[in-house]
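Following the hints, position chain B against chain A.
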Amino acid sequence: MELLKMAGILFVINALTIGGGYAMIPMLQREFVNNYHWLTNKEFIDAIAIGQVTPGPLTVMNAFLGFKIGGLAGALIAMAASYLPCIIIVTLVTKFYLRYKELWLVMASFAGIKPAIVGLLAAVLIFLSQSSITGSLTKGIAVVSFALLTFTKIDPSLIIIASGIIGAFLL
Amino acid sequence: MPTLKKIFLVFLKIGTFAFGGVYSMIPFFERELVDKRKWITHDEFVESLAIGQMTPGPPIVNTGICIGYKLRQLKGALTATLGQSFTGTLLAILLAAFYLHTKDNPLLQSVMKGVAAAVVGLLASIVYKMLIKLVTEYRSAALAAGAFIALDIFKVNPIAIILAAGLLGLVLYRRA
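So the sequences go chain by chain: A and B. If you number the first sequence the way the working numbering does, the last residue is 171 and the count never jumps. If you number the second sequence the way the working numbering does, the last residue is 1176 and the count never jumps.
Just chain A, with the same shape it has in the complex:
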């Protein structure tokens, strides 16, 4: 029952993940942490990190969420539920490409959703930083990570791994 509920939630969230994988985060945080208490806030942040260091899109973090809730079956159901909306929508769009391209409804609603996601992510960022930024060292790691990712082309996985190593020695 729990897994079915999770699958339904992941299906809806992934159908609304517009403009990149990070759009999932505010929705996942609300449903998995606040509403259903399937994960703690800390586990959720760790799930984002795991989604980032594994190859492929951030969606892979949903396997972690599913595993926490229902083991191996949970992880596989989570991934299937996450990709199902993509498969349905993309195959339909590929089939009817020309008609879709001219569909102003899609373009206009996406144009509304994308900036809203920036606002949502900013709110989640404030919330997550309250539990992750606990002292001057964590603040330093966050600031340096921000600067490196914003102003260089360095691989985010490397920054996460390096920060983990710094944490092992100093935190």
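Worth double-checking, as some hints may not be accurate.
Claimed, not checked - Straight-line C-alpha distance at most 30 Å; calculated DSS-like pairs for lysine-lysine:
hint, chain 1, residue 1, chain 2, residue 2
1, B, 1103, A, 139
2, A, 42, B, 1155
3, A, 95, B, 1038
4, A, 95, B, 1006
5, B, 1155, A, 5
6, A, 5, B, 1075
7, A, 42, B, 1129
8, A, 95, B, 1013
9, B, 1075, A, 95
10, B, 1005, B, 1036
11, B, 1070, A, 95
12, A, 153, B, 1129
13, B, 1013, A, 153
14, B, 1036, A, 153
15, A, 139, B, 1129
16, A, 95, B, 1005
17, B, 1036, A, 95
18, B, 1155, A, 139
19, B, 1103, A, 42
20, B, 1133, A, 139
21, A, 153, B, 1133
22, B, 1103, A, 5
23, B, 1036, B, 1070
Worth flagging that the hints you see were computed from the coordinates, not collected in a lab.
The following block gives chain B in isolation, referenced to the frame of chain A:
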């Protein structure tokens, strides 16, 4: 016409070497599918990228689904998804099992404290980049600010906020 096994193996390769975010995959994708194997033309590739961008979900996986569909219809789409997500999912499951077993280990806790701080920096960078790219005039600024206030202050469910923003988009960007 490539077999499903070949489709699986090519997308497995693409999905396995895609470290560092999805955009690193695009040149790799084009080399494998257009130049090397000639499964699709350059124009089809560009069209697939466009479809990947304007559908919900990870753009690059969606591009793969689109190419898989062009090659072998629904079976091809499913095979491409499976191949592309295989390695990442497997690794995430292994990491999840390891993480949940050793969660109380003090060393892992120290590691994850550093990692959590980096995630904050990473998200901040994403927000900053998206802000510059997407919030360009008063309508998008109002939508971003409205969504922020709705979540941060009024604790409205983000799913509801996204649906509302989509409806507002229909009104605000009708002529776009």
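Outcome of the hint check:
Proximity of residue 1103(B) to residue 139(A) is assessed by CA-CA distance (about 23 Å); at most 30 Å being required, the pair is judged to hold. Distance hint between residue 42(A) and residue 1155(B) is fulfilled; the C-alpha atoms sit about 20 Å from each other, no more than 30 Å. Pair hint residue 95(A) plus residue 1038(B) holds up; C-alpha atoms about 21 Å apart against a cutoff of 30 Å. Pair hint residue 95(A) plus residue 1006(B) holds up; C-alpha atoms about 23 Å apart against a cutoff of 30 Å.
Among the hinted pairs, residue 1155(B) with residue 5(A) is consistent with the structure: their alpha-carbon atoms are about 22 Å apart, no more than 30 Å. Between the alpha carbons of residue 5(A) and residue 1075(B) the distance comes to roughly 27 Å, so the proposed pair stays at or under 30 Å and holds. Pair hint residue 42(A) plus residue 1129(B) holds up; C-alpha atoms about 25 Å apart against a cutoff of 30 Å. For a cut-off of 30 Å, the pair hint linking residue 95(A) to residue 1013(B) stands: about 26 Å separates their Cα positions.
Taken as a hint, the residue 1075(B) and residue 95(A) pair is honoured in the structure, with Cα atoms around 14 Å apart against an allowance of 30 Å. The straight-line distance between the Cα atoms of residue 1005(B) and residue 1036(B) is roughly 17 Å, inside the 30 Å bound, and the hint therefore holds. For the proposed pair residue 1070(B) and residue 95(A), the alpha carbon gap of about 9 Å is at most 30 Å, so the pair holds. At most 30 Å may separate the alpha-carbon atoms for a hinted pair to count; residue 153(A) and residue 1129(B) meet this at roughly 13 Å.
Proximity of residue 1013(B) to residue 153(A) is assessed by CA-CA distance (about 23 Å); at most 30 Å being required, the pair is judged to hold. A hinted pair counts as satisfied when its Cα atoms are at most 30 Å apart, and residue 1036(B) with residue 153(A) qualifies at roughly 27 Å. For the hint linking residue 139(A) to residue 1129(B), the alpha-carbon distance of about 20 Å falls within 30 Å, and the restraint holds. A C-alpha spacing of about 23 Å is found between residue 95(A) and residue 1005(B), which places the hinted pair at or below 30 Å, so the restraint holds.
The suggested pairing of residue 1036(B) with residue 95(A) holds, with an alpha-carbon distance near 26 Å, which does not exceed 30 Å. A hinted pair counts as satisfied when its Cα atoms are at most 30 Å apart, and residue 1155(B) with residue 139(A) qualifies at roughly 26 Å. For the proposed pair residue 1103(B) and residue 42(A), the alpha carbon gap of about 11 Å is at most 30 Å, so the pair holds. Between residue 1133(B) and residue 139(A) the CA atoms are separated by roughly 26 Å; this keeps the pair inside 30 Å, and the hint holds.
For a cut-off of 30 Å, the pair hint linking residue 153(A) to residue 1133(B) stands: about 17 Å separates their Cα positions. Distance hint between residue 1103(B) and residue 5(A) is fulfilled; the C-alpha atoms sit about 26 Å from each other, no more than 30 Å. Between the alpha carbons of residue 1036(B) and residue 1070(B) the distance comes to roughly 17 Å, so the proposed pair stays at or under 30 Å and holds.
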